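Peer 1: One letter stands for each residue in the lines below.
2 protein chains.
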Amino acid sequence: MKELEDRILKDGVVLGGEVLKVDNFLNHQIDPKLMQSIGNEFADYFSDKGITRIVTIESSGIAPAVFAGLALGVPVVFARKQKSLTLTDELYSTEVYSFTKNATSTIVISKKFLDKTDRILLIDDFLANGQAAKGLIRLCKAANAQVMGVGIVIEKSFQIGRQLLEEENYDVYSLARIRAFEEGQVKFVEKEME
Amino acid sequence: MKELEDRILKDGVVLGGEVLKVDNFLNHQIDPKLMQSIGNEFADYFSDKGITRIVTIESSGIAPAVFAGLALGVPVVFARKQKSLTLTDELYSTEVYSFTKNATSTIVISKKFLDKTDRILLIDDFLANGQAAKGLIRLCKAANAQVMGVGIVIEKSFQIGRQLLEEENYDVYSLARIRAFEEGQVKFVEKEME
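Order-wise, the sequence lines are chains F and L.
Counting along the first sequence from 1, when you hit position 188 you're at 225 in our numbering, and nothing is skipped either side.
Counting along the second sequence from 1, when you hit position 24 you're at 61 in our numbering, and nothing is skipped either side.
In short, the hints are calculated from the structure, not lab data.
Being a predicted model, the structure only gives us computed values, none of them experimental.
One or more hints might be untrue.
The list cannot tell twin chains apart, which means a pair is met if one copy fits it or any two copies do.
[As the list claims (entries may be wrong)] Cross-link-like lysine-lysine pairs, in silico, BS3-like; alpha carbons within 25 Å at most:
#, residue 1, residue 2
1, 138, 118
2, 47, 153
3, 70, 153
4, 58, 118
5, 148, 171
6, 138, 149
7, 70, 148
8, 149, 58
With the rest of the complex left out, here is chain F:
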């Protein structure tokens, strides 16, 4: 998605070897107009999948997910991150390991908001090692809901997340795919390489 790639080149900041900071428009400050374009793009791509609900994770997944939800006419559920495992019959929960933070957190979704008849579109801001996405998939599976696709705003294609999801045959649609950071510059996957 050219609008997003241009914005990453303009405002993204490469930190250390593998971290891209996009807090100017996605992770802390949000550009609503760009989020609307992103949401509409996800909705277009997954329009024929019979999506009944979108699942994302707080906090940076919420903005792109609500615009996709508006365009598809479906509700959005955001998984909550908890500090500790709260065991309750009312929640689906799973643990997610973050390589960036070197820490495990628990994510939960109320059982009320996932149903076995659901056809789910997962949306998240980043795909890197795929642990968050796989956690969301486990929550959906626990409800016997069907995951119809995964929409990602920014994919770090040099990490293993996409491969892990494709091995399980998920349709992963990433709006910006980063091949590498070279001398602090973002290099995207070229179209013919996709």
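We have chain F; now place chain L onto it with these hints.
Peer 2: Same frame as chain F, now just chain L:
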């Protein structure tokens, strides 16, 4: 806002004496269409205030705030909740006490995203004791930004939040104002009482 009041009557659940659970459309599952109506309503009401930026707090403030931001054509910044105070020159931070959770948390905004020329609209999902709103106001004041108004989705008018904000002359616009919970039923402030 009738659409919101009707939704609260239909899907809100009164827990204990003073808690209203609206996780069906605002706090866990989100209704994007309702959030769009809410955002547009805030944008209309504050349209002549020269708003340059919206400030909210993760996670439930984000959806109404991005739609208001889209309608007003301004960026949205969400304050992040931190477990502990991370002292850094790059952040404005303040402590916020939650009566519901009986706990203090730290909220932060990067200094990059608040400017002394800013005319800020604050948006939050709930106004009860006003501690979160007052915390956001302190962050804006630390940046010498001007708070032009406060947009609230649901106000518990029997708690002290609105009074605290009005004492400091803030224009508080709440889309649903709850006068009381009577026998588990939500009672709104009547128009002539506003």
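Peer 1: Each hint: holds or not?
Peer 2: Quick rundown of the hints versus the structure:
Taking identical chains as interchangeable, the C-alpha atoms of residue 138 and residue 118 lie at most 25 Å apart whether they share a chain (14 Å) or sit on different chains (16 Å). Taking identical chains as interchangeable, the C-alpha atoms of residue 47 and residue 153 lie at most 25 Å apart only when they sit on different chains, with a minimum of 24 Å there against 43 Å within one chain. For the homomeric pair residue 70 and residue 153, the shortest alpha-carbon distance between copies (24 Å) is at most 25 Å, but the shortest distance inside one copy (34 Å) is not. With identical chains, the CA atoms of residue 58 and residue 118 are at most 25 Å apart both within one copy (21 Å) and between copies (18 Å).
Taking identical chains as interchangeable, the C-alpha atoms of residue 148 and residue 171 lie at most 25 Å apart only when both belong to the same chain, with a minimum of 18 Å there against 34 Å between chains. In this assembly of identical chains, residue 138 and residue 149 lie within 25 Å of each other by CA distance solely across copies; the values are 23 Å between and 30 Å within a copy. For the identical chains of this complex, residue 70 and residue 148 are inter-copy neighbours only, at 23 Å across copies versus 32 Å inside a copy, given an alpha-carbon limit of 25 Å. Taking identical chains as interchangeable, the C-alpha atoms of residue 149 and residue 58 lie at most 25 Å apart only when they sit on different chains, with a minimum of 13 Å there against 35 Å within one chain.
When the structure is compared with the earlier hints, no violation turns up for any of them.
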